[in-house]
Amino acid sequence: MMNKMKNWLEVRIGLDELVTTFVTEQRVSKNINIFNTLGTVAFVGYMIQVISGIALVMYYIPHADHAFRSVQDIMTKVPYGWLFRQMHVVGSNLLIAAVLLHLATIFLMGNYKRPRELTWVGGVLMLIITLAFGLSGYLLPWTQLSYWATTVVTSVPTAFPVIGDFLTRLLRGGDYVSGITLSRFFALHVSILPPLFLILMVIHIALIRRIGLSGTPFGRSDDEKRPLTTYKKKTHPDGYPYYPYLFQKQALMVVGYFIVMFAIITFAPSFYFPEEATVPADPLKTPESIRPEWYLLAPYQMLKLIPNKFLGISLLIILMGVFIFWPFLDKQKEKNIFQRPVLRSVFIVIIITLLILTWWGKR
Amino acid sequence: MKRIVLVLLMLFITGSVVFGDYREEFEKGFLTKTWSGEQPAENFCIECHSSDRMKPELLTIAEEWKASWHAQHKIACHDCHGGDPKDASLAMSPHRGFVGKPTPAEVPDFCGKCHLGIVKQYWDSGHGKAFRASGKGPHCITCHGSHNTQKAHIDIINEQLCSKCHSYDRARTMKQALFLTEKKITELEADLDRLKSEGVFVDDETKNLFSVQAEFRTLFHSIDVDLIKNRTDDFSAKISVVDGSIKNYFKELQYRRNFSAFILLIFAGLGTTLYLFTKTPKE
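From first to last, the protein sequence lines stand for chains A and B. Under our numbering, think of the first position of the first sequence as 10, with each following residue one higher. Under our numbering, think of the first position of the second sequence as 9, with each following residue one higher.
Same shape as in the complex, but just chain A (with noise of 0.2 Å):
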């Protein structure tokens, strides 16, 4: 019986052959280290967001009167709701961490020089995404921290002259935050982004497989030294077998994943709940402190600090840029961070400046 079903399967989309290529003779290289898995890592969180988001969906109403007594009975009338919830919030911020870092290791290693420029280039634009969805999630429970820091990120805008009060209105439908933004919010959040990110994350994929798995963490490789004029898939024919050694590791960094995803749940079930997430949004009474998610801290934070506010987000805008086509500016040929004392610098620097930005928006 099993025999005939894989027949029937393999006469009709190959299985063997699939296995084959992507599984026993694929080959990576051998110094690839765990880092190299953080994109299935992410891979994997936003599978589990998929799959927890739809759980939520089926019970939460997306209308200011019901939104946060919706929450609430999912929490504590759905059988096993609270576990979709705690997996979906606690998600979310290992998702944002585990895309961060991931970006700062294809950074760390070079990994974005040609011919990946376009992979990086995806890979921003499904962070930009992903944070879009974290602050468009936020806005769901309707609580008081939720709804005064939308109230705070939908502000943003209004530092461009002429068209930043068009922004925010067409972002709130209104002066301020309402039922419409929840409205507007939730299409956002599970029917505006999850197709652009999945034809990003198909794009994505289908680059790596097409250029093959970066083999130079470290040096530069033949391929990076010649002009690139034509198409040559990365191979590595001396390296591991895929199946077991890189998938090993993959396995593990996802369990890894898990393991700190159900810490959190089981040892700081509260930590992505503070009081004010509570309590019903109240648009008449601002909370004692508020501010907005932990990864737009910095960003909020410089804004504050800068004094012309069109510079501001300006210089916010231009950054964001850079860092998109960073690979377009970034013409040295080295690829080992190490050996680019200036970049090195850079990029300490720019990290360490994060971190304050962070540290001093969270006080």
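The reader is advised that the hints may include incorrect statements.
Which chain A residues stay away from chain B? Per the calculated CB distances, all over 12 Å, these [to be verified]:
1. 44
2. 96
3. 120
4. 193
5. 262
Here are some, though not all, of the chain A residues that point toward chain B, as calculated from beta-carbon distances under 7 Å [unchecked claim]:
6. 271
7. 279
8. 280
In silico DMTMM-like links for lysine to aspartate or glutamate, alpha-carbon gap of 20 Å or less [said to hold, decoys possible]:
9. B/109 - B/87
10. A/86 - B/211
11. A/86 - B/251
12. B/255 - A/82
13. B/82 - B/95
14. B/82 - A/284
15. A/86 - A/74
16. B/215 - A/74
17. B/82 - A/82
No wet-lab data here; the hints were simulated from the structure. Backbone N, C-alpha and C fix where the C-beta goes; we use that ideal spot for every residue, glycine too.
Given the coordinates of chain A, work out where chain B should sit on it, guided by the hints.
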């Protein structure tokens, strides 16, 4: 590429110079003010009672009120005294229902505007009857104070206060009758706070307990020991409903903790196995 960067830089610098004074909504709403604390509405009562023009004996009122249970629940000056706190000329206008300092005879009904059940119990009690008959006797302020009113607590019934007018024996008996129920209510309040801090939504239970507590507190004012003893069972039954619900929440939280710890252990085991596999030499 250099040209594009140069053009962008020029646009950026020109924009910054041209819009250098751009302020408006952004500064108003986001950057110049911190997003912390409620923006206080203009209140002329507080303003005058904190100014140098005020008589010294009336200067402390605003500060006393700020420390009160009323202030914590957004009950402001005009909620009791009337008047319009947003308009200096009408702040003390009798047309806006302003009553400055009520006479002792007016005090029970002054507070009773909001504390309806309590004022009824009070007028029917020995205290109320004595006060109505002679104009002397304890009223709200005698036990609770005026502006620095704190959350009502069973310890307001104490020997020092009661013995000002009569012996403490009867009050002690009453306090003993109230004690267990009051203690239970205080414990349940603490439990609800713990549940809230763990992210559990206990709005219904909080409302139920508040309702029982408010009803129970009206009973304090009857100063009728027999009535209190007779009604204690009613209150115990009501409290046990809330108590049951709270206990279930704690059980549920414990179950959740055990369940997620179990999953955590599975992943920890899986992680250890995988780690050992990765350390096994290959080929």
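Now for the hints, and whether the structure bears them out:
{"no.": "1", "hint": "44", "result": "holds, 15 Å"}
{"no.": "2", "hint": "96", "result": "violated, 10 Å"}
{"no.": "3", "hint": "120", "result": "holds, 22 Å"}
{"no.": "4", "hint": "193", "result": "holds, 20 Å"}
{"no.": "5", "hint": "262", "result": "violated, 9 Å"}
{"no.": "6", "hint": "271", "result": "holds, 4 Å"}
{"no.": "7", "hint": "279", "result": "holds, 4 Å"}
{"no.": "8", "hint": "280", "result": "violated, 9 Å"}
{"no.": "9", "hint": "B/109 - B/87", "result": "holds, 14 Å"}
{"no.": "10", "hint": "A/86 - B/211", "result": "holds, 14 Å"}
{"no.": "11", "hint": "A/86 - B/251", "result": "holds, 18 Å"}
{"no.": "12", "hint": "B/255 - A/82", "result": "holds, 18 Å"}
{"no.": "13", "hint": "B/82 - B/95", "result": "holds, 19 Å"}
{"no.": "14", "hint": "B/82 - A/284", "result": "holds, 19 Å"}
{"no.": "15", "hint": "A/86 - A/74", "result": "holds, 18 Å"}
{"no.": "16", "hint": "B/215 - A/74", "result": "holds, 19 Å"}
{"no.": "17", "hint": "B/82 - A/82", "result": "violated, 29 Å"}
The earlier numbered hints that this structure contradicts are 2, 5, 8, 17.
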